[in-house]
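Student: Given these sequences and hints, build the entire structure.
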Amino acid sequence: MAETCAIEGDQLTRQFGGFRALKGVDLAVPRGEIRGLIGPNGAGKSTLIDVLSGRAPRWSGTVKMFGADIGAMTAQQRRRAGLARSFQRTNIFPDLTVIDQLELAARAAETPNIDEIMAELNLAALAFRRAADISYGDQRRLDLALALIGRPKILLLDEPAAGLSIKESLELAHGLKDLAARWGVTVLLVEHDMDVVFSICDRITVLHLGAILAEGTPEEIRGVPEVVTAYLGTSL
Amino acid sequence: MTDILATKPTVTRPPPPRPALALASAIGAFAIGALIAATIQSNLMMTLLTQAIISGILATGVGFLMRQNGAVSFGHAAFYGIACYAIALAMKFGAIRVEVAIMLALVLPTALAFLLGLVIVRIPGVAFSMLTLAVGQAFYEFAMKARQVTGGEDGFSVNLSSTVFGIPTAIFQDPHSMFVVSWSVLVLIILGLALTAASPFGRLTVAIRENEERARFIGYETTLPRVLVLTLSAFVTAVAGVLFTLYNSFVSPDVLHWSLSGSALIMAIIGGPRLIWGPALGAIIFFFAKDIAGDFTEHWQGIIGAILIVVMLVLPVGLGGALAKLWQRRLGHG
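If you read the protein sequences in the order shown, they are chains A and B.
So the first sequence is numbered by my numbering: it starts at 66 and just counts up by one.
So the second sequence is numbered by my numbering: it starts at 82 and just counts up by one.
Simulated from the structure, these hints should not be mistaken for lab results.
Source: prediction; values computed, not measured.
Quick list of simulated restraints, FRET-style, between CB atoms:
1) L125(B) / Y201(A): 51 to 61 Å
2) Q409(B) / K232(A): 36 to 46 Å
3) R247(A) / V391(B): 54 to 64 Å
If we take Cβ atoms under 7 Å as the criterion, some of the chain B residues that face chain A in the derived model are:
4) E291
5) N292
6) R295
7) F298
8) G300
We put the CB at the ideal spot given by N, CA and C, even for glycine.
Tutor: Put into structure tokens, the structure is as follows:
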């Protein structure tokens with residue numbers, strides 16, 4: 066299993082004072098899979114992404130990327146190794162033009178080509194505009210472009226569709242699925258929009274109170290009574 | 082493929098940098114400096130202008146740190162003053178040639194800024210400002226207390242040799258010729274900083290200023306670039322200290338006092354720190370406002386304070402920023 070896993074977390078624990086946000090979580094996402102990570106607010110989804118991406122300062126357990134322990138790596142080193150992420154809140158450089166920040170990201174990723182990502186995310190028309198001056202939806206796409214530049218091997222997405230309309234969310238989701246398939250990117254997706262999650266994810270992990278409640282295909286997850294009770298309700 | 086990720090329009094690359102235009106602007110600026118020196122006969126006016134330009138270099142250093150790192154320093158007088166004292170003490174003890182002393186005066190504060198920066202740039206916001214204030218005041222207190230070496234509060238005259246780099250020292254002490262020298266140095270510094278700011282390194286430091294976390298998550302180490310900006314800023318400040326010492330041949334602890342850093346900050350804010358040349362414009366306005374206000378009242382600081390308040394409220398981009406906007410609007414409308 067370890068050789069085929071793009072990203073693995075073993076016994077991941079993170080504590081904020083007396084509150085345990087992650088309680089020994091085991092997660093293994095095989096290469097090329099789109100894995101959904103769902104759960105109610107406070108379940109530990111973003112904390113798990115933070116631990117995997119190197120953002121969380123104190124945690125315990127093991128994080129492996131393609132079988133290699135990356136726990137001691139900084140966020141920068143993980144990014145250079147091919148692990149990229151986006152953020153729950155739009156996380157861009159407001160004062161820089163779109164092209165300037167994509168060129169910076171491309172330089173860090175040692176890829177000369179930003180045309181590819183600008184075309185994929187339809188940002189070319191906005192190239193010379195300040196990021197602060199473009200619409201929220203465009204900012205979300207720019208945020209995603211910053212993560213995708215250089216074709217990362219693993220992409221951790223923290224609510225990429227937050228704030229987008231239903232139509233935009235679904236467009237983004239299916240575009241992402243297509244891109245991940247073409248580029249061979251493994252995706253771990255935290256998202257509250259269940260239409261997005263259930264339509265593009267190969268498998269879904271449900272977190273609840275810092276522990277894994279269930280894991281399986283979308284169909285399997287729909288059939289887990291605890292998940293329906295704790296999170297999904299009867300809408301799905 | 083769906084709409085949002087589908088279309089593939091062609092990206093038009095940004096226009097390449099135009100070094101010829103920058104060079105032409107610099108040559109034009111040199112010519113303006115020479116013209117000012119040739120036109121104005123009054124020694125008093127030229128003294129005022131020369132002081133303003135030297136302070137403008139100091140303010141340019143402070144402003145560059147604000148522009149690239151978003152950091153406010155209350156301690157840049159330390160880098161300025163160390164440069165002044167490096168020359169003054171070297172001449173006092175006759176240990177080395179003035180040319181070597183000048184090199185030392187540039188290297189010492191620059192190296193100090195680099196080493197300090199490795200620690201202090203990690204500290205955000207007001208805490209950074211307070212740390213720079215503390216470091217600066219430590220050097221001031223040392224200069225005040227070490228009377229045997231520094232002359233304490235009284236300071237001391239600097240005995241410069243008759244030539245500096247083969248140029249008669251008198252050139253550096255005549256307000257007309259020193260104005261041309263200082264102006265030329267200022268133009269070169271602004272040109273150098275503008276090229277730095279437009280480079281990938283300059284864009285990276287702006288990105289780090291804007292969103293350090295994101296810069297880390299696209300793969301950049303974020304401490305060293307900020308340290309290098311502080312170092313460059315200190316170097317520019319040290320250049321101002323060298324020019325000050327050559328021009329005045331006198332040093333006292335005033336060159337290390339926090340109020341000098343504060344004045345440089347005021348100049349930068351009045352002129353507009355988002356522009357490389359803004360702080361230098363602010364310095365000229367500051368000196369003329371101080372001179373004019375000084376004719377009416379000994380409380381000229383109150384008038385400078387009022388100007389500062391008005392600029393911050395009405396023109397948050399500074400006077401330079403407002404001028405630049407006007408210019409752009411004029412160009413935009415043909």
